[in-house]
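Asker: First to last, the sequence lines map onto chains A and B.
Residue numbers for the first sequence follow my numbering, beginning at 1 and rising by one.
Residue numbers for the second sequence follow my numbering, beginning at 1 and rising by one.
It is possible that some hints are incorrect.
[Said to hold, decoys possible] Some, not all, of what chain B presents toward chain A, calculated at C-beta under 7 Å:
#1 72
#2 79
#3 81
#4 175
#5 176
#6 177
#7 275
#8 401
#9 410
#10 412
#11 417
#12 449
Worth flagging that the hints you see were computed from the coordinates, not collected in a lab.
Predicted, not measured: the structure shown is a model, and the values here were computed from it.
Don't be surprised by glycine CBs; every beta carbon is placed ideally from N, CA and C.
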Amino acid sequence: MNEQLQSDFDKIINTSKVSKKEVSLKKAFLKKFIENGFPNRKHEDWKFLDISQIIKKNIGNLSFFNDYSLTNKVDPTIFVNGLEHNKIVFLNGKIEKIDFSYEDQNKIEINEEIEKDNTFDFKNSLIDLNRAFTNKVLKVLIKKNYSLKKPLIIYHSINDKINSKNINLRLDFELEQNSCLRLVDFFSKSTNKNFVNIFYNFDLKKDSILKNYKLDKFRNNNLVYSFNNIEQDSNSVSETFVLSSGSDYFKNEINSDLKGEYSSAFINGILSLKENQQHEIRSTINHLVENTKSYQLIKSVLGKNSKSAYQGRIFVNSKAQKTDGYQLSKAILLDETSEFNAKPELEIYADDVKCSHGSASGSLNENSIFYLMSRGLNYQHAKELLINGFLLDVVEKITDPEIKILIKNIVGLKE
Amino acid sequence: MDTREKDIEKLKDYKYGFTTDIENIKAPKGLNEDVIKFISNIKEEPQWMLDFRLKAYERLKLLKEPNWQKPKYPKIDYQDLYYYSAPKSMNDKPKSLDELDPKLLETYKKLGIPLQEQARLNGIAVDAVFDSVSVATTFKGELTKHGIIFCSMSEAIQKHPELVKKYLGTVIPITDHFFATLNSAVFTDGSFVYIPEGVKCPMELSTYFRINASQTGQFERTLIIADKGSYVSYLEGCTAPMRDENQLHAANVELVALDNAEIKYSTVQNWYPGDENGKGGIYNFVTKRGLCKGKNSKISWTQVETGSAITWKYPSCILKGDNSIGEFYSIAITNNHQKADTGTKMIHLGKNTKSKIISKGISAGFSDMTYRGLVDVNSKAKNSNNYTQCDSLLMGNNCGAHTVPYIKNKNFDSNIAHEATTSKISEEQLHYCQQRGLNPEEAVGLIVNGFCKEVLQQLPMEFAVEAQKLVGISLEGSVG
Numbered sequence: 001m002n003e004q005l006q007s008d009f010d011k012i013i014n015t016s017k018v019s020k021k022e023v024s025l026k027k028a029f030l031k032k033f034i035e036n037g038f039p040n041r042k043h044e045d046w047k048f049l050d051i052s053q054i055i056k057k058n059i060g061n062l063s064f065f066n067d068y069s070l071t072n073k074v075d076p077t078i079f080v081n082g083l084e085h086n087k088i089v090f091l092n093g094k095i096e097k098i099d100f101s102y103e104d105q106n107k108i109e110i111n112e113e114i115e116k117d118n119t120f121d122f123k124n125s126l127i128d129l130n131r132a133f134t135n136k137v138l139k140v141l142i143k144k145n146y147s148l149k150k151p152l153i154i155y156h157s158i159n160d161k162i163n164s165k166n167i168n169l170r171l172d173f174e175l176e177q178n179s180c181l182r183l184v185d186f187f188s189k190s191t192n193k194n195f196v197n198i199f200y201n202f203d204l205k206k207d208s209i210l211k212n213y214k215l216d217k218f219r220n221n222n223l224v225y226s227f228n229n230i231e232q233d234s235n236s237v238s239e240t241f242v243l244s245s246g247s248d249y250f251k252n253e254i255n256s257d258l259k260g261e262y263s264s265a266f267i268n269g270i271l272s273l274k275e276n277q278q279h280e281i282r283s284t285i286n287h288l289v290e291n292t293k294s295y296q297l298i299k300s301v302l303g304k305n306s307k308s309a310y311q312g313r314i315f316v317n318s319k320a321q322k323t324d325g326y327q328l329s330k331a332i333l334l335d336e337t338s339e340f341n342a343k344p345e346l347e348i349y350a351d352d353v354k355c356s357h358g359s360a361s362g363s364l365n366e367n368s369i370f371y372l373m374s375r376g377l378n379y380q381h382a383k384e385l386l387i388n389g390f391l392l393d394v395v396e397k398i399t400d401p402e403i404k405i406l407i408k409n410i411v412g413l414k415e
Numbered sequence: 001m002d003t004r005e006k007d008i009e010k011l012k013d014y015k016y017g018f019t020t021d022i023e024n025i026k027a028p029k030g031l032n033e034d035v036i037k038f039i040s041n042i043k044e045e046p047q048w049m050l051d052f053r054l055k056a057y058e059r060l061k062l063l064k065e066p067n068w069q070k071p072k073y074p075k076i077d078y079q080d081l082y083y084y085s086a087p088k089s090m091n092d093k094p095k096s097l098d099e100l101d102p103k104l105l106e107t108y109k110k111l112g113i114p115l116q117e118q119a120r121l122n123g124i125a126v127d128a129v130f131d132s133v134s135v136a137t138t139f140k141g142e143l144t145k146h147g148i149i150f151c152s153m154s155e156a157i158q159k160h161p162e163l164v165k166k167y168l169g170t171v172i173p174i175t176d177h178f179f180a181t182l183n184s185a186v187f188t189d190g191s192f193v194y195i196p197e198g199v200k201c202p203m204e205l206s207t208y209f210r211i212n213a214s215q216t217g218q219f220e221r222t223l224i225i226a227d228k229g230s231y232v233s234y235l236e237g238c239t240a241p242m243r244d245e246n247q248l249h250a251a252n253v254e255l256v257a258l259d260n261a262e263i264k265y266s267t268v269q270n271w272y273p274g275d276e277n278g279k280g281g282i283y284n285f286v287t288k289r290g291l292c293k294g295k296n297s298k299i300s301w302t303q304v305e306t307g308s309a310i311t312w313k314y315p316s317c318i319l320k321g322d323n324s325i326g327e328f329y330s331i332a333i334t335n336n337h338q339k340a341d342t343g344t345k346m347i348h349l350g351k352n353t354k355s356k357i358i359s360k361g362i363s364a365g366f367s368d369m370t371y372r373g374l375v376d377v378n379s380k381a382k383n384s385n386n387y388t389q390c391d392s393l394l395m396g397n398n399c400g401a402h403t404v405p406y407i408k409n410k411n412f413d414s415n416i417a418h419e420a421t422t423s424k425i426s427e428e429q430l431h432y433c434q435q436r437g438l439n440p441e442e443a444v445g446l447i448v449n450g451f452c453k454e455v456l457q458q459l460p461m462e463f464a465v466e467a468q469k470l471v472g473i474s475l476e477g478s479v480g
């Protein structure tokens, strides 16, 4: 694999215009990735679902070369109807369209950024891979006191020209004081198998609000890894919602640093899996100063042969008194072949804190099914109703009414 | 001269030979085949036992010391340890307590364990362990009447080889992790208990451990077998004198419960935790594992951990038999620079198996407390249930409390519930107690005892009183 990595890397460098400085930086990241390789179950963070094995099993030989000189035609049928929105279309590993027509152009800046050296240290080889191979680093800046009028939807789509490839996307967002961004990640259908590696970096200044909704609803065969790094200044709010049910493999990783007082982070997730799917959510919330808050609610519904994992970590620094941290993960196992894994972790160094977590897993309650059936529903309907109710709980946590309706429509949940 | 004495003679010429001045017989420093042969030989073990040890040693050479735990410690030089030391007076075994070395008895008294008194008043058979070899076993007659075997491991190897052969290493195989394998290779002594079919042990069996000679790693090996329909409650308590160097204690405890049998294993551990600056103290790296082999069997672990510089242990239950039950009740208190990484593993293999975990962690001073636990429900363990509760209490701003539960559910018929909280002692509670005339320290003791009540209740009477006192003593100086 290492030889292929190197040759694919050289090919990309030759076909695209990259400055010398950047090349040497990318080379350093590639070197780091080659040293560590894809993470496997020996790494604590990858204990439950082994990405290195999954890639081997699902894709086999992964190609890292992507010809960025080609232009791809954007298929407008993928766009979400019934909701006015700004767009970024990310097609075959390349950003093909950026449309902020609803917004005040003076308040938003989109620049290509030059990768800086050692800005992140996550000890995560997939991020090294991303930084070595990503085409462009785009930075979106939302200026002071500006709230985007319409949500921004990022379309992640891959057409059938690409197969067995590694695709990387990197976006940086800076939300200046008192600004607000609603960001929807929308994953479309695809039958080809590719490994998508997404790295978002959010910088939330004072009083800013970020709402990120990741919607992976439509059945596709991609393997997706997504990493959100969120740095939060005082009084900022981040809300992350994950709907994870379309891809063959999906791991959502959220790292949130609560660096300013009164900042808060919310993570809500649904993992609704069927045949052979393996999904995971891993969150790390670092409470670094006083009076910060975090809340997490993750629910899984697991069908035949599916596997889900939740690894949540709340870290409380010794300075972070008056922290309020909460984690809850629940799972319903529908089949004898389904599997649920959880590792809700607390690491606490301050005494005046309120931290708790809970985890429960089991089958559907037979008594509730009986109750519904005695009122005229058949078994299947009763089951669906109970599952919907179970999941609706998470959807109701969404604070944005427009997007809540959109998601309810997508998921097919009725109140 | 018999071969054993010859061996001793030979080793006397060895550069790092015996240090007889403190009335101790020691194997030379270091770990190698010769030392293992020496231990086996001095204990007059049969060939199969030596083979067991050597096989474990072969395996050990391939293993690496684990380092994923939270409390890190300086590297242990395994070649710089003594693997065998026995009180010299052991060579001519005393027949009764009165014949014991008076110095030995004196030490026990200092530790607050009046051996004879306790044995007489409490009706407990005491198998006291001084360093590595059993010194006295009392109440043997009463136990023999019921057909119960309660003796030292070395004696069991001599007298009941068929039982030892059948069960030793079945719960903790010699191919297990580093410390367990190390123990299998060099273990010196420990307790052996066999409860025959249908017998309910009439008294609580108890062993007091003590670590003496400096730089002696203690490698105890305990094996408890409860045959069909039997019941036994076993107490293990530990105290250790002041010591400057860090000491390693890597014991193995194996429990086997057959059909309808129940084993209750209680521990109060109060080894030397090091001084206020974190210097010295014992490393407690113990492997404890119980196998619910038969149907309807039950194993229950209760532990009160207040001592040791580093506690790193996970008393576990393998619930193999259908309808078997595993329980784990734990209080872990860390103060000053103590560190603990403890918890349990509940592995559900049989149908209708149940497990319950109640863990209370209290950290004060500069200490670090981690609960780490695994609940693994296998796909065949239909209709299994687990309930886990772990609560942590933090006192002061320099300590840490961590919870790392691993939950694996592969069975859709089974329910797993886990909850954990972390908090501090509320000002209101403290105020309330102080208003009624308690000083802050007493108030904290009272509140902490209340916090631990669920676990303390599980301890046998004799232990519960002692443990309650211990909880108070451990937290001395942590208030204010």
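Asker: Are the hints correct? Go through all of them and say.
Answerer: Comparing the hints with the structure gives:
no.	hint	verdict
1	72	15 Å, violated
2	79	28 Å, violated
3	81	30 Å, violated
4	175	19 Å, violated
5	176	19 Å, violated
6	177	15 Å, violated
7	275	23 Å, violated
8	401	5 Å, holds
9	410	5 Å, holds
10	412	4 Å, holds
11	417	5 Å, holds
12	449	19 Å, violated
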